[in-house]
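Asker: Chains L, Z, E and P are the protein sequences, given in the same order.
Numbering-wise, numbering that gives the first Met the number 0 puts 56 at position 57 of the first sequence, and it's gapless, one number per residue.
Numbering-wise, numbering that gives the first Met the number 0 puts 429 at position 430 of the second sequence, and it's gapless, one number per residue.
Numbering-wise, numbering that gives the first Met the number 0 puts 20 at position 21 of the third sequence, and it's gapless, one number per residue.
Numbering-wise, numbering that gives the first Met the number 0 puts 545 at position 546 of the fourth sequence, and it's gapless, one number per residue.
Relax, there's no trap hidden among the hints.
Derived lysine-lysine pairs resembling DSS-like cross-links, with alpha carbons at most 25 Å apart: (1) Z:K487 with Z:K407; (2) E:K98 with E:K87; (3) Z:K445 with P:K123; (4) Z:K370 with Z:K445; (5) P:K123 with Z:K370; (6) P:K416 with P:K494; (7) P:K40 with P:K123; (8) Z:K300 with Z:K450; (9) Z:K202 with Z:K71; (10) P:K484 with P:K416; (11) P:K484 with P:K565; (12) P:K494 with P:K484; (13) Z:K29 with Z:K114; (14) Z:K450 with Z:K29; (15) P:K123 with Z:K443; (16) Z:K370 with P:K179; (17) Z:K276 with Z:K407; (18) Z:K370 with P:K40; (19) P:K416 with P:K565; (20) Z:K407 with P:K222; (21) P:K123 with Z:K450; (22) P:K638 with E:K98; (23) P:K179 with P:K591; (24) P:K494 with P:K123; (25) P:K179 with Z:K443; (26) P:K123 with P:K179; (27) Z:K276 with Z:K487.
Just some of the chain P residues that point at chain Z, by a computed CB distance under 10 Å: (28) M31; (29) P81; (30) M154; (31) L168; (32) L184; (33) I195; (34) Y606.
In case anyone wonders, no lab produced these hints; they're calculated from the structure.
Ideal Cβ placement from N, Cα and C applies to all residues, glycine included.
Residues per chain are reported as follows:
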Amino acid sequence: MSIDLLVLLVLALIAVGAALGMLFSRNTVYSVLFLVLVMLTLAVLYLILGAPFVALAQVTVYAGAIMVLFLFAVMILGPQKLAGAGGPIGWQRPVAFGLTLLFLVEVVYAFAAKVGKLGALSCAEAGFGSPAAIGDLLFNRYLLPFEVTSVLLLVAAVGAVVLTRE
Amino acid sequence: MDFLMNPLNLMTFFPLVGVAIILLIPRERKDAIRWVAVVTSLVSFFISLWMLSMFHAQNPNFQMVYDKIWMKTGGFEIHYAMGVDGLSILLVLLTTLLTPISIFSAWTAIEDRVKEFTIAFLVMEVGMLGVFLALDLFTFFVFWEFSLVPMYFIIGIWGGPRRTYSAIKFMLYTMVGSVLMLLAILWLGLSQGTFYLPDLLAKGVNLPLHLQSWLFLAFALAFAIKVPMWPLHSWLPDAHVEAPTAGSVILAGVLLKMGTYGFLRFNLSLFPQASVKYAVPIAVLAIIGIIYGAMVAYAQKDFKKLVAYTSVSHLGFVMLGLFALNPLGIEGGILQMINHGLSTGALFLIVGVIYERTHTRDLNAFGGLWKIMPIYGAFSIVVALSSMGLPGLNGFIGEFTILLGAFKSPVLGPVFTIFAATGIILAAVYILVMLQKVFMGPVKEKNLGLKDLNWREITVFAVLTLFIFWIGLHPAPFFNLMGPSVEKLAHGLQAAAVAMH
Amino acid sequence: MVLTNYLLALSAVLFIIGVAGVLVRRNALVIYMAIELMLNAANLAFVAFAAEFGALDGQIAVFFVMTVAAAEVAVGLAILVTIFRTRKSVDIDTLHRLKG
Amino acid sequence: MFLSEAMNQTGTFFHLVPWAVLFPVLGLLINMAFGRRMGEKGVAAVAVTASGLSFVVAVLMWLSLRAQPAGATVPFLSWMTPVHIAWAFRVDTLSVTMMLVVSGVGTLIHLYAVGYMHYDVRYKGDPGRYARFFVFLNLFIAAMMILVTGDSYLMLFVGWEGVGLCSYLLISFWFEYDTKGNLSLANAKAGNKAFIANRIGDFGFLLGMFYMFSVFGTLNFGKVFSEAPTVAQTHPQAILVITLLLLLGVTGKSAQIPLYVWLPDAMAGPTPVSALIHAATMVTAGVYLIARSHVLYDLVPAAQHTVALVGALTALFAATIAVAQNDIKKVLAYSTISQLGFMVAAVGVGAYVAAMFHLIAHAFFKALLFLAAGSVIIALERAHHPLPEEGGHDAHHNDDPPDFDPQDMRFMGGLRKVIPITFWTYLIAGLTLAGIPPLAAFFSKDEIIADTKAAFPLVYWLLVLAAFLTAFYIGRQIFLVFFGKPRSHAAAHAKESPWTMTSVLVVLAALSALGGLLNWPHPYLAEWLGHTLGEVEAAGLNPLVAGTSATIAIVSFLLAWWVYGKRPLQSASQPDPLQRPLGWLFTAMQAKWWVDELYWAVVINPYIALCRIAAAFDVWVIDAIVNDTAWLTDFVGEKIARWQTGFVRNYALSVFVGVLLIFTYLLWR
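One chain only, chain L, in its complex shape (with noise of 0.2 Å):
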């Protein structure tokens, strides 16, 4: 087993342990947190493939930004925890989790039987993920989805402003 596989195994470890956390914590607070949490591992995955620049914007953007906004949202509306199991229609947890399950049985065979063995990882040459290479990238090539996007941020900061105005 080579190292990587080992400190792999140990991030994806840790990356659903957090997940499964989120999913099952009964505080919402603790959700956020395990949210972080499988963040912050994804980003030192994409620093293992060689995107470090993704890597710290996942940090920063997705873990910092979006996150503490979360929790703001959080504090907001106040952590109660809701009572109960199923709520008015309570037959659609069960059906719920057997969809997934067999959904996860599906894709284990999917990996089991049909995908074939994918390359292994290049790690290139050196400053194959740095910022340099990537606003290259997308200045030249992607400058159009590039610019939707931004008009897409603006929408969306206006959008949030005027819908929580009283």
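Got chain L sorted already, so can you dock chains Z, E and P onto it with the hints?
Answerer: For chains Z, E and P alone, coordinates are given in the frame of chain L:
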């Protein structure tokens, strides 16, 4: 400007001139509106007479053809084409004759929203004329759907108590059929490369028989609903009972003929082999229609429903005539379409007259009307006898030629004629019982004060009776008009019949 | 040596957990977080393939996913706050007026 | 000078034949348009002259035929071009004979109707209808003329249904009354029955024409008769089927066995109608048709036998019913059916001249019988409740029983003294009908019986039996009505009808008495018809047969005197003397062997039930299918709508299920 120089276009779209004028007249001036409507449709009638004068009867092909490219889509030119030949000339004249009559007869019957009523009627005349004159499958379909809309409003707005139900039923029922027809038109057009009828007829539809059968059946369903043929007729009684008198006259007089005309123009002309193949089943349905229509008519309590079911019976005769696939049967069929338009139109006017006075259509409420309304009685007897097929009147000429055609038909035979001929006895039964219930027997007190026909109603009935006697005593001009075209059509069918056996 | 399969497997598992979260939980916030989780799983797959093919496009995609996620969270939480003002509860099941 | 101009180059008037139809049509149009304004006298004048002119044209035709016996075909107007049939008139000895009878008797009856309707219209309280009666009467003459002068079966058919229409209109002329004069649908129903029964007969006629056209290619008499022999070879059974189908038409129109039921009910019409239409002219149309198609019938002996058998059976069957009827007009109605049976039997055995001879004689004496019966009815009616203008006092003070019916013989008796002219004319006609020697019917009926004796023995015995019953029931009627003592106040105080009616009676009495001369000492009629019917059966009197039939008639008449004359009935309520000896047989005969009830049970009620079922089927099945499909779409739509619960999580689940399905599909593919 050459668009309006063509007599067919001028005639078809002239009612729109009336519509324009009516739009300008204020709503309160009802009589002015009515006069404009009647005059416009009369002018349209005179234009159709002018067209008749230019129509030379020996030429079996399409005449006065007006053909323009309407639109180019996907490598296809959709033509706007209008033309008339022996098969459609009489129906066009019937339309232009019946429209002024029905508008004129609705003088006192329609009081509210007269403006919209007259506009709906004139627009419908455009639609109907378009259907009979269109030479392009696409134009035909446009006019076919277009003519439904005004009739929907006429039944839906000015109709009787259950008008919305029957208007919607009428609309949906016909639409179901025409959807299939649209598919068939598209399939036919795409497979043959053109929608232009003369080209299709000249070239002949080169499709294997089983494909031809599918196209035939799709067209047949749409037209069978419109005719209406036996199992698909349940919209007719509701539509007739709920429609105002003028609406019923036009519905029975012209709209039903669009179905039989469709069979004639598309099913028989384009798919001879399939026609021969399906002649017997359709003839059987027609005969069921004749006998079934007559029996159900006899059992009706409502005067208008009785007359509605008679239409099922009469048009059963027409269908039998058409699918006898020989010149005699087809000529009889076409003439019977005209006769049915005249006599059933008149029958509905008779129902309208008595409904206007007594506001009831229950047969048992009447009795002895011949004693207190002699002129009304006289006209009704003549019209009833004509629809019963009394020799010397128009009904007999049509029925005799049809039954004779069916008897000598290559596909049908004596057995069909025997069953169809029983229809004549059953027709006598329900007509005479109707006459007995309405016009004979002692007069009921509440009917004593009824006034006889006024001059307006008398002119309407006089015109119709004139035609009833004319076709009855001297039908030669009508037969000569359609002779060559029917000969050409029958020739194609004969060849197919021989090829099939 | 680390195969992309394993990374994809991890991404799939995370994705399924996200889906389970959306379907099971009744708290609107947790549902949002489950959706974020699903997006992250997708990002992971992107980066994994970017690494394997040595093409930076995958990483660019991650950025776009991030912006969309950000916009979505902003608007989503705004909506949630307005709903909270009237409903006084975060439970998703209270919102069932719009029905067939 | 007028005649010479009218005569065309060949010295004949054939080209005038359309006027035989056009004059009555003109008459009816004038009456229809100006009926109200011209008053009764004007209307009567126009109607009678129209019919008279038609008779004049008939006489002109007769004259022309004397000059040129072969006759001619006069084309008039094109008609059914696709089947090459035109309005064309055929003038030959057969059609002119019919024309003379129709217009001759018709004009006399028009005269009679002037007087009769004057009273009848007032009794029914609707003087306005006077004009309408004569419009229909003229229409009848026109239709009958078309029938007899038509040059093709189709034109004959137009006249055929035209007279059917007139009989319908005239039977239900008083459509709001019944025969006794109280408000009911009876007359209207009788009219319907007549028209529908005729229509059933015409159904057969039509099918016959279709078959004829498909085999001969034409319906024109000339062509059909010339091609008949060749067609008989090529299509062996075609002629048989055609002739039998025509026979079905004949039974409808001339009231033979299956379809005779309408004639007795047709008595609901005013008496002139019964005389003209249901005795003299229309009902003989069937006999004319067979006589006209003699070429076809001669080719197929089987058809001839059926015709003869149908005729003979009808003759006997109707005679039995006539014996037991109480209504004066019903007796005459069944008598007409019986005499028609004689004629049909005659043409059935090929004795066309005998049939036509009897037809002419029958037209005279039966018309006279009906008109005399009408005069009796009017006499009783005027005595029962006299009209105001005749010094009638309104109160019904007289002691007539409440159910007094002017047509019921039980309320008559001893009328010979009060209405002598009617009595003597009635007696002459009655004796003629019975076949007493010197009078017309003796010769015509004797010829028929003589011809059938040779050709078809069974028919001979049936006819002899029928002749015996004929003499008996007419004797019964005469003794019941005119002898014994009056059995009601009205009978005692009856007054003779005005001269307009009685003059016609006298003329007809003369005609029916001297009618025999037409064919007896010298067979004029045989020669006259020979021009059309080709070789004609040997005329002349067979002494043996003549003797037997004369003795039968006299014996039967005396028997009737012995039963009804010797001890006349005392009161109206006394049962008929035959009731006791014959018992159930008499009741069966009186109830017309329950044939009407049979038709109602077997044909009419099942049809009505079937129609109700069909109507219900139409609403509950066909309409239901349409409405149910509409309901179904609504139902399914509503079910699907329930799936939108409003819970966001359900929607998420549905999305996920979708994903799952696609994923599994991708996996398995």
